[in-house]
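Q: Listed below are the residues making up each chain.
Number of protein chains: 2
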Amino acid sequence: MPYPRTARPALIIGSVAIDRVATPHAQSDNILGGAASYASIAASYFTPARLVGVVGGDFPEKFTKLYRKHGIDLAGLQTEPAGKTFYWSGRYRENFAGRDTLEIQLNVFANFSPTLPPAYLNTPFVMLGAIQPALQLHVLDQLPRGKKRPFVLADTFDLWINTARPELERLLKRIDLLVINEDESLLLTGERNLIRAGHALRRMGPRAVVLKKGEHGSLLFHPDGFFALPAYPVTKFIDPTGAGDSYAGALIGCLASANRTDFAALKRAVACATACASLTVESFSVNRLSSAGRKAIDARLKELSRMTRF
Amino acid sequence: MPYPRTARPALIIGSVAIDRVATPHAQSDNILGGAASYASIAASYFTPARLVGVVGGDFPEKFTKLYRKHGIDLAGLQTEPAGKTFYWSGRYRENFAGRDTLEIQLNVFANFSPTLPPAYLNTPFVMLGAIQPALQLHVLDQLPRGKKRPFVLADTFDLWINTARPELERLLKRIDLLVINEDESLLLTGERNLIRAGHALRRMGPRAVVLKKGEHGSLLFHPDGFFALPAYPVTKFIDPTGAGDSYAGALIGCLASANRTDFAALKRAVACATACASLTVESFSVNRLSSAGRKAIDARLKELSRMTRF
Numbered sequence: 008m009p010y011p012r013t014a015r016p017a018l019i020i021g022s023v024a025i026d027r028v029a030t031p032h033a034q035s036d037n038i039l040g041g042a043a044s045y046a047s048i049a050a051s052y053f054t055p056a057r058l059v060g061v062v063g064g065d066f067p068e069k070f071t072k073l074y075r076k077h078g079i080d081l082a083g084l085q086t087e088p089a090g091k092t093f094y095w096s097g098r099y100r101e102n103f104a105g106r107d108t109l110e111i112q113l114n115v116f117a118n119f120s121p122t123l124p125p126a127y128l129n130t131p132f133v134m135l136g137a138i139q140p141a142l143q144l145h146v147l148d149q150l151p152r153g154k155k156r157p158f159v160l161a162d163t164f165d166l167w168i169n170t171a172r173p174e175l176e177r178l179l180k181r182i183d184l185l186v187i188n189e190d191e192s193l194l195l196t197g198e199r200n201l202i203r204a205g206h207a208l209r210r211m212g213p214r215a216v217v218l219k220k221g222e223h224g225s226l227l228f229h230p231d232g233f234f235a236l237p238a239y240p241v242t243k244f245i246d247p248t249g250a251g252d253s254y255a256g257a258l259i260g261c262l263a264s265a266n267r268t269d270f271a272a273l274k275r276a277v278a279c280a281t282a283c284a285s286l287t288v289e290s291f292s293v294n295r296l297s298s299a300g301r302k303a304i305d306a307r308l309k310e311l312s313r314m315t316r317f
Numbered sequence: 008m009p010y011p012r013t014a015r016p017a018l019i020i021g022s023v024a025i026d027r028v029a030t031p032h033a034q035s036d037n038i039l040g041g042a043a044s045y046a047s048i049a050a051s052y053f054t055p056a057r058l059v060g061v062v063g064g065d066f067p068e069k070f071t072k073l074y075r076k077h078g079i080d081l082a083g084l085q086t087e088p089a090g091k092t093f094y095w096s097g098r099y100r101e102n103f104a105g106r107d108t109l110e111i112q113l114n115v116f117a118n119f120s121p122t123l124p125p126a127y128l129n130t131p132f133v134m135l136g137a138i139q140p141a142l143q144l145h146v147l148d149q150l151p152r153g154k155k156r157p158f159v160l161a162d163t164f165d166l167w168i169n170t171a172r173p174e175l176e177r178l179l180k181r182i183d184l185l186v187i188n189e190d191e192s193l194l195l196t197g198e199r200n201l202i203r204a205g206h207a208l209r210r211m212g213p214r215a216v217v218l219k220k221g222e223h224g225s226l227l228f229h230p231d232g233f234f235a236l237p238a239y240p241v242t243k244f245i246d247p248t249g250a251g252d253s254y255a256g257a258l259i260g261c262l263a264s265a266n267r268t269d270f271a272a273l274k275r276a277v278a279c280a281t282a283c284a285s286l287t288v289e290s291f292s293v294n295r296l297s298s299a300g301r302k303a304i305d306a307r308l309k310e311l312s313r314m315t316r317f
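In the order they appear, the protein sequences are chains A and B. Residues in the first sequence are numbered consecutively from 8, following the numbering used here. Residues in the second sequence are numbered consecutively from 8, following the numbering used here.
No lab work stands behind these hints: they were computed from the structure. Be careful, since some hints might not be right.
Copies of the same chain are indistinguishable here, so a pair counts whether it falls within one copy or spans any two.
[What the hints assert, rightly or not] Subject to a maximum C-alpha distance of 20 Å in a straight line, what follows is the list of computed DMTMM-like cross-link-like pairs (lysine to aspartate or glutamate):
| # | residue 1 | residue 2 |
| --- | --- | --- |
| 1 | K155 | E101 |
| 2 | K220 | E189 |
| 3 | K274 | E310 |
| 4 | K72 | D36 |
| 5 | K309 | D231 |
| 6 | K243 | E189 |
| 7 | K243 | E198 |
| 8 | K220 | D190 |
| 9 | K243 | D305 |
| 10 | K220 | E87 |
| 11 | K309 | E174 |
| 12 | K243 | E222 |
| 13 | K69 | D190 |
| 14 | K91 | E68 |
| 15 | K180 | D165 |
| 16 | K180 | D305 |
| 17 | K155 | E289 |
| 18 | K72 | D165 |
No experiment lies behind these values; they were computed from the predicted model shown.
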């Protein structure tokens, strides 16, 4: 990929899974899933991506090839030949009003305790996918402090807010950017007003917060200001799985690509994230995201800019 | 008010009411309500407004004074001295998740059949508030056709979609702009995807459609393109009553002020509408909207532009 000269690598730590997904309209089995898959492919459109995760001996070669097609550095992808890859099966309810997990086999993911390869320790942009907060902290502990401290984005989800709140609160004090959706924000802050919620989340630690609202777009709360971006207008909505992971991956990738973390860079990264998430929901798995190409992303960035100007 | 030289009058037809409103946090009684009140005050910030409605002999002089303070032309406000003004009492549920009408006394509004004063017949910008579609059609029948045909914005609500659909469908074929919220859009089109819903609504007749999403902003569907604007970030949310009416009134007022109805003018009008609606929800009744002044609206317009740029 022809990355800009400013581009720095982005390190993505998270789950790699084999999914079975049923929507109200269709279903798909044995497809590539996991936060790190969506995030690293999205990030790879902007900057060299490094993936840290674990798979079993059953992990299909075609998925590894797909990562490689995107130039993703797999030095951090452990394979446990005797084990099986994390398997998740879920079904979305009518009108995509929530989803139910039908089956979950943690397999090799159960003992996942990410140890970063020495070559990764100085990666300047890091995304902590929504793994246990204790593991997110464990990764942070391996990273340099002080001047060489990386920019850290973290994702989380309702399970950890409910079951690992103290660790999550410690994590929030040590990250630069929290990416969170509406429901998780309500659970974490108790605040229904999204603007007040964004401010409350920032008071918990992160310098900046992105509040995702699905089809209603997203909000960025930053010390230098507030930014709101509508969603890209999607009419072919197939499967929302991985949209949030693609969003976060594109965000860290876009920042790493510019090697900047100021307000203007974050706003542009929110737009990159919005474009990638909109591609992800147009197919099962990473299919559309992976095949779309940078041109399709740039066209959506242009449209996002055009459609919000007045 | 110092209106621009392009400014043309905007005619607003709708309910005038005395309200009692209870929210989960507070309540207020004997306050000015009704779609035409909110809409004409909002419109008056941009252009001379003309109000067509009906009140009873009990209508407080202070409310008439308030209209006059905003320079609103009241030649179309009938008073029936022997009757009582439309009275509405409602209560919002916890977290503003819906509202219940506690009491409704139609009074003089029961026989409201708007006859436009001759001086109003050539008003080039018309807003039909959410009265019965048959009455909206009755107003349209009084307006000129052909070259002198005004630009017509119409509002509606779920009751008419459920009980007067044939008349509503006839109305939609005769208006330029439909302003509708998410729930009404779903009821009317059966389409949950908001982008497809907007297109479906346009196929029902109106040249342009504005889909309002409350705190998530609004979407404009126009032959020349798509426009999306987030809501203004409100943290002091007091009472949503009249937000939609202020929105529609500001929209027609802003168009009339520029004497333009092209895509660019409509986008700017959506921003004016968003700013006025955000002021309305910051108090009971029209209090904040009326006292805010044009400067506060312009400040919000500027912030809306700033906060969506990347």
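Q: List in ascending order the numbers of the hints, as given earlier, that are violated by the structure.
A: Violated hints: 1, 10, 11, 13, 16, 17 and 18; rest satisfied.
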